[in-house]
Structures are given as C-alpha cells and as structure tokens.
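Number of protein chains: 2
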Amino acid sequence: MKIVVLKFGGTSVGTTKKIKKIAEIIADYKKKNYKVIVISSAMSGVTNELIKKSCEISDNFSDSEYDVLVSSGEQIACSLIAGRLIHKGYKSRSWLSWQVPITTLGEHKNSRINQINKNNIIKYLRKGGIPIITGFQGVNNENRITTIGRGGSDASAIMVAKFFKADRCIIYTDVEGVYTTDPNKLKYAKKIKVISYEEMLEMASLGAKVMQPVSIQDARLNRIDIEVKSSFIKKSGTLITKRTNIINNKIITGISSTQNDSKVSLIGVKDKPGVAASIFKPLSKNSINVDMVVQNISANGKETDLTFTIKTEDLNKTKKIIQENKNISYRKLIFERGVSKISIIGVGMITTPGVTFRMFQTLANKKINIQVISTSEIKISVLIDKKSTKKAIIALHKEFKLDKKNEHKTF
Amino acid sequence: MKIVVLKFGGTSVGTTKKIKKIAEIIADYKKKNYKVIVISSAMSGVTNELIKKSCEISDNFSDSEYDVLVSSGEQIACSLIAGRLIHKGYKSRSWLSWQVPITTLGEHKNSRINQINKNNIIKYLRKGGIPIITGFQGVNNENRITTIGRGGSDASAIMVAKFFKADRCIIYTDVEGVYTTDPNKLKYAKKIKVISYEEMLEMASLGAKVMQPVSIQDARLNRIDIEVKSSFIKKSGTLITKRTNIINNKIITGISSTQNDSKVSLIGVKDKPGVAASIFKPLSKNSINVDMVVQNISANGKETDLTFTIKTEDLNKTKKIIQENKNISYRKLIFERGVSKISIIGVGMITTPGVTFRMFQTLANKKINIQVISTSEIKISVLIDKKSTKKAIIALHKEFKLDKKNEHKTF
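Protein sequences appear in the order of chains A and B. In terms of our numbering, the first sequence has 85 at position 85, counting the first letter as 1, and numbering is strictly consecutive. In terms of our numbering, the second sequence has 11 at position 11, counting the first letter as 1, and numbering is strictly consecutive.
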C-alpha cells in the first residue's frame, strides 16, 4: 500500500471555507491512487476558547477533564472534513482516537502515543475509505481521553506515519515551508527545498517555528520523510529527510537570528566546580530562559569570565537575582541590551573546512564586531550588535549562496 | 443505593457562571447522601453553532458525521461540570456515552437507547464518585457515536433512571415547573405540584413545552417519577407520577390554549370511505399540521360536514391545496381566521360526571360561543373566538379551582 499521511494544522482548518479547500487537497492525493490518512488539529481559536472556559470554571482545572474538554476541538474538525469529503462523493469518516484506538502512556495533558491499532484503519483503507483521525489525543489504559503534551497533532501525524509505514508525512500549515532565513527580515530569503532532520532541529529551536522540535526528532528516529507545505498555495514545500537523501552542494542550509536578546557577563568568577550551577539554578527557578552560554578558560587557573544571553524582557529580573544572590562571587557584572545572535546552520560544514573562517571574515568585511562565539557540529552562532543584524544576514546569505535553488522530488 | 438522576438542559449550563451554580445543586444532593448521576445537555447555543457549520460544509451533511459533530457539545458541558465539582473537592468525572457505554439502536440522528452498561457507573458510585454522563447520545454496534432522535437528553435521563432504578429523575430547566395554564397569558396561573403522566402528555402536546412528550411516555411506561424544576430558583417544581400516587381533590389539573389557529369547514362532503384521507393526504404532504378534526354524522347518510383547524400561517396554502384538488367534492368551503382552542385537562374528569357540562355552562355564562367540541378521556377541547381566549381561561381557572394548592413530597 502506498500510504501518505496528511496533517492539517489549526489555521488550515480555521474556517468551513478553508475546510472545503483542504478537502480538495485530500481528494487530489486520492485521485493519484494514494491511500490517504488524514490527521487534523482543532480549528484555530477553538482550543483557546475551550481553555478560556476551563479557566472560568477553575483556576486549577482538572487535568483529566481538560483533556476531555479540549479533545472535542479535533472531533469537530475531523467530522467537518469527513463531511465535506462525503459531500464530494468520497468514502470518508472521522476516526476518534478511541475508535482507532490510539493508546497513550503518561499523565493527562502530557501523554505520548504508545500504540496505534492498525487493523480497523487498514481494513477501511482497503475498502477505499479516507480516514480522518483526530490529532493531539489518544486514550490511556483506563479508557480515558488524553492529550499529547509535546508536539501535538504533529506528533500524532509522525506516529501514524511510523505505524502505517507511510511513504511520506505531509504537514500542511500556513507557511510555504522552511526558509534560508526569516522572510520577514530578508525579502529575498529562499524556500529550502530539502533539509536534514538535524539542520531542521537547529533551525526550529532557533525560531523557525514551522514544526515542533520533538516531532522532528521523532521523525528522525523513525526515518520518516516529512514535507512541510502550505494549505493555501499550491507549491512544493520543504522536505525534511535524512542527510544521505540530500544531494546538496551547499555548505550552509539556513541562517537564523534572534531578536531582543541581552548579554550578561560576570567577570572574575571563582573557577571551581558548581559555580555555573549556582548562577543558573536561581534563574531557572524564576523561569528565565538562558540561551548562549560561554565560559572562557581561566588564564590564572583561579578566575574565569562567564557570559550568557537572555531575553531582554528578563533583564531586570536577572539583574536582581544575581545581585541579591550572596552565593555568587565575581569582580564585575556587565549587562548589555540589544544584542543579536546570528547562526549559520548546515550539515555541509562537517565536511567543508574553513566555514568558521568564512563566516568571521564576511562579518569582519562588513565591520561587524563578534562579541561571543558558540559552535556545534552543524551550527555556528555569533553574538553581534543588534543594529547590524540585517547587514550580517544579507552578507552571510550572499557568501554561502543561499539564493541558489536546490531540488527534491515533490509528491 | 438511593439513586437520583439529575438532568440539566441547555439553558441550565448555558454559561460557565451557570455551570458553577448547578454544581452547587449537584453538591447539595451529594450532601444529602444520595448517589447522584448527572446527565447534561450541550451549553445552549453550542449545538446550533455546530449545526450551522455543518450546513456551511454541505447542504446534505452526512448523518453519521453530524452525530460526531454535535455530540461534542455534551462532551464540553460534561467536562466543565465535572471540572467544577472536582474544583469544589468532590470526586467527579465526565462519562462519555462510549465510556459507559450507552448503546443505541436505529439510524444516525434518530437512534434510541437500547442498553446501558451499569457496571462501570455502579463501581464509580460505590467509590463516592459523581458521574456526569453526556445526554442525547450513545454508540451503535459499529462503535460509532449516534444521537437520540426524539426526546434528546430528557430521553437519556429517563433511560438512565430506568436502568439504575433511580428513586427520582429530576429535570432541571429554565421554568419552575408545569403551570395550571400559561403564566404569560394569565398572571395568577399556579404551578402544578403533582400531575399524572397522562395529563402531562396532554399538556405537553398542547404547548406546555417543558418536556418532550416521548420522554414523558418513556417515564410512564417505566413508572419513573419525574420532577421538573428550575436550575435558577430554589423551589420545588412539578412532580410527574402515576395517577395512583396523586391524592388530588381537583377534577381539572390544567388549562391550555392555542394561538393563531384557523378553522376550515367543508360543507356537504360525500360521506364515503376514504374521503377524509383524500383531504388530509395532500395537506400532510405539504407539511401542514392538522390539529382538531371533527366530522359530524351525516343526516341523510350521503353527505357530511368536516371541520378541522390548522395554524393560520398555513391558511393560504391550505386553501389552494383544497381548491385545486379535483378529487375532493363538497358544496361549500368556509375558512375562519382567529379561532382559539381551549382545553381542560384532568384525570379527575374520568370519575367526576358533569365536567363537560360545567365547562360549557361556564363559557355560556360569559357569552362565549363554542364552535367545535372534541373530547378524550382526560381532556375536553373547544374552539372559540380568539378574542375570548383570556376571558375563557380566567373563567375556567376559577370554575375548576386551579388557584388552590396541592402538595407532594419534595426532595
């Protein structure tokens, strides 16, 4: 069976008009003789409306009833999609998670899919039906509805693709795919045709909010090809696949940048075990998200300089926590607002020497000062002055030839 | 086990504020050591909103998906009620129809409850839990959600009361109970404390839209005491029970009246088999609801006069249908707008002679002309001029002493 899993996000099914449109997309795959399995999120806005009601009922609304409440959102969307396909003459029906069933483990509001019973769906596919399965939910061993904590409907789609050994999992959303850099910041950013899981993970965690990182990781572990594309524009999207599937002449796949960051430096911190923990523990406790952390090797073996970045909105809170913490000793504390983190990402850099040099040289040519550097296997991040962000992205985009196209087979 | 079934209608759970209020009502029964089973409708407005969406998707929306769609309304209401009870420190949870399970027979949108598995709920009640069960729905033998065609959540409540042998089934709604006559028409109408199933059936079909007639009939067949009361005002309501439970000195329990009726008389119709059918068949086909029908015995054995009432809004359509129908032969056709049907209802009239006479005399004293008379075992209906409606109700209300109170044991 040539199976394709189509997942539609909240904005893709946000109105009945949009549902009619996505029914066309589903029908197109059916016409191409695919066995189509659809996973849907709730119509955008519905889940928030339900959560609002739960807050009115209790400031500590029961987790198990929360799951019953919000899972109705996907139920509504799936019945409308199936209803539209039936209207168009197709054999289709909604499959609620307890009807499949999709069983979960873990606690309410935060469960994960453990098992998907394939029998009913396979039988239904064989009869030519198009099953529309509720995303974001399952039933636990007590036969109660649970919702998936991380990844939501994306995670459902990946797991369905895994259990049914689908040829591809297509994530329909409100963007056309993943871009070489934020198209809102750089108008000639290019859509990436193909990207590896690892690069996508780096892109996602850096702000390319196309897919939940946890779902990309699931896809990576199960070697499931994902295509991210738009529900609204008929164009191929971005294929997320394993590295070896990519015939890619590019060293760098994408450039990401953060905004509204601030830099905190502690100069002359005592260089002994546990010092970093004593600084970051109180920040974590206060829900302050620390991003880049750089600690230099101490020159004299006794003292070190520690630098990290946080969101600027957390700056005052961070200041207060550090200054009031008697356990942290340092000689000098420096804060700097308005820094920006620029990252270049690409599996190509593993096999290509000199990428770091090229990045630094490009920035130097533009007289952009690099304040902090942090690297991983497939990513190089630098901290620069916020004012130079756009200039840096333009220069790097050109240097690494991201305006050139690469291709992949589209469904 | 002393079990009480509480059913809340759409307006009773119409807002989260109202849900908080009905959680108090539920808690009160729990404090009185009842085992409480709650049945809830969808929040008012929710079902209509969902139906509207289905109409946008298709002008012929699939029945099976319709059931999936609208059943989410009760799911939402039940989770919010359970969530509120949990917030208040009670053990409670929603039970969706497939979790109980409540199994149904018949087609989608029009199924009926066949079986209720008691085991899970009994176990849960024994542990001190308050189950909140979705009304209006069940699952069929294909494990698909179905909705109950007639009676809706009322029917669910009656069936749950039957299967669990509940002491009483309390229908919470937006009225205080059943009145001796429409309180909007007569300000000193009295709430009826106790009424028989049979009387209630006559009242209901005559416009006292407190409960669905089909559910009253179910309750009657299963001998389940029903109390209809308000969710918003803490007062005893109306008890609907079997005749033998009523120690009632009244002959008449209530007076009902219709509005906007018109009278159609066919004079000199050929008196032969099938003549009535040939008149009413085309009316029925055109969805015209015929109410009172009176046919006099023909004097000469050849001709008869036929009179019936319809809603005034259907008058023009009715005229056209009769005049254009070549199969109906009559000498004269008379239409009269602005008639009103007044009915007195009471099981007491079975054992009390002269009720008909008293009714006619009362109207005659007020110089109200009776145009048509129709009687059943526990009801006498007359057709009068619409202008005299209020005068007639006041006179009959007084004549049959409906302003006097009767009592029943309230929970």
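Some hints could be false.
Which copy is meant is left open, because identical chains are indistinguishable; a pair holds if it fits in one copy or across any two.
[As the list claims (entries may be wrong)] In silico DSS-like cross-links for lysine-lysine, where the CA-CA straight-line distance does not exceed 27 Å:
1) K52 <-> K18
2) K401 <-> K123
3) K17 <-> K109
4) K127 <-> K390
5) K118 <-> K193
6) K91 <-> K52
7) K398 <-> K21
8) K317 <-> K281
9) K272 <-> K191
10) K17 <-> K52
11) K109 <-> K91
12) K88 <-> K52
13) K127 <-> K109
14) K109 <-> K88
15) K20 <-> K109
16) K123 <-> K109
17) K88 <-> K386
What the hints contain is simulated information worked out from the structure, not anything from laboratory work. Here the structure is a predicted model, which is why all the values come from computation and not from measurement.
Here is what the structure says about each hint:
1. K52 <-> K18: both (24 Å within a copy, 15 Å between copies)
2. K401 <-> K123: neither (49 Å within a copy, 68 Å between copies)
3. K17 <-> K109: Cα proximity of K17 and K109: across copies only (25 Å, versus 30 Å in one copy).
4. K127 <-> K390: Neither, since 55 Å and 64 Å both go past 27 Å.
5. K118 <-> K193: Cα proximity of K118 and K193: none, with 32 Å in one copy and 57 Å across.
6. K91 <-> K52: Answer is between: at 23 Å across copies they meet the 27 Å cutoff, but 36 Å inside does not.
7. K398 <-> K21: neither (38 Å within a copy, 65 Å between copies)
8. K317 <-> K281: within (14 Å within a copy, 81 Å between copies)
9. K272 <-> K191: neither (47 Å within a copy, 83 Å between copies)
10. K17 <-> K52: Classified as both: same-chain Cα gap 25 Å, cross-chain 13 Å, threshold 27 Å.
11. K109 <-> K91: between (33 Å within a copy, 19 Å between copies)
12. K88 <-> K52: Answer is between; shortest inter-copy Cα gap is 19 Å, intra-copy 35 Å.
13. K127 <-> K109: Only across copies: K127 and K109 sit 25 Å apart there, 35 Å inside one copy, limit 27 Å.
14. K109 <-> K88: Answer is between; shortest inter-copy Cα gap is 21 Å, intra-copy 36 Å.
15. K20 <-> K109: For K20 and K109, only the inter-copy Cα distance (23 Å) is at most 27 Å; the intra-copy one is 30 Å.
16. K123 <-> K109: between (31 Å within a copy, 26 Å between copies)
17. K88 <-> K386: neither (53 Å within a copy, 51 Å between copies)
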